[in-house]
Amino acid sequence: MRHLKYVLAAHGRLGCAMLEATAMILGISVYQKAACVDLQEGESLENFYDKLSSIVDGDTVIVTDLFGGTPSRAALMLLQEARVKAVVTGLNMPMLLEMLMNDEGVNNLPEFLQRVRQAAREGVRVFAGSDLAELPDRSVQKAEKGILQRFLRR
Numbered sequence: 596m597r598h599l600k601y602v603l604a605a606h607g608r609l610g611c612a613m614l615e616a617t618a619m620i621l622g623i624s625v626y627q628k629a630a631c632v633d634l635q636e637g638e639s640l641e642n643f644y645d646k647l648s649s650i651v652d653g654d655t656v657i658v659t660d661l662f663g664g665t666p667s668r669a670a671l672m673l674l675q676e677a678r679v680k681a682v683v684t685g686l687n688m689p690m691l692l693e694m695l696m697n698d699e700g701v702n703n704l705p706e707f708l709q710r711v712r713q714a715a716r717e718g719v720r721v722f723a724g725s726d727l728a729e730l731p732d733r734s735v736q737k738a739e740k741g742i743l744q745r746f747l748r749r
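Residues in the sequence shown are numbered from 596 upward in steps of one, following the numbering used here.
Any given hint could turn out to be false.
[Claimed, not checked] Within a straight-line C-alpha distance of at most 27 Å, the following computed BS3-like cross-link-like pairs (lysine-lysine) qualify:
id, residue 1, residue 2
1, Lys680, Lys646
2, Lys680, Lys600
3, Lys680, Lys628
Calculated from the structure, these hints are not laboratory results.
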């Protein structure tokens with residue numbers, strides 16, 4: 596399989612901001628395999644579809660912020676037309692890191708996307724004040740360091 600490319604399609608400036616933040620975290624240029632298209636306020640589905648359509652090819656995975664919104668509807672239209680490999684909704688940073696760091700030589704796209712989905716789910720944590728009391732000292736810093744080391748090893 597050829598290398599995948601990603602397009603982040605989101606409301607406002609979210610997609611491009613996520614891509615910029617990913618580049619900051621990884622310390623590498625993610626722009627070689629990822630691009631962004633942001634939906635402007637008041638922009639029509641047709642206009643957004645045209646913008647998105649102009650930058651995708653058959654090896655593209657489109658990642659959107661919200662299922663059912665204009666970006667995901669335009670992306671799903673492209674998927675129906677078989678112009679992209681896949682559409683993933685619910686953009687978050689763990690998902691994006693998994694995609695960009697671990698997609699070398701993907702031979703099984705459904706399996707890869709399942710790992711992406713798992714990373715997205717595992718990246719969501721909820722802590723309330725009493726939950727923090729149960730954490731050992733410095734565990735938050737250790738967890739952050741461990742996550743970054745895991746991604747950098749790959």
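Subject >> Violated hints - listed by number, lowest first >> reply: No hint contradicted; all consistent.
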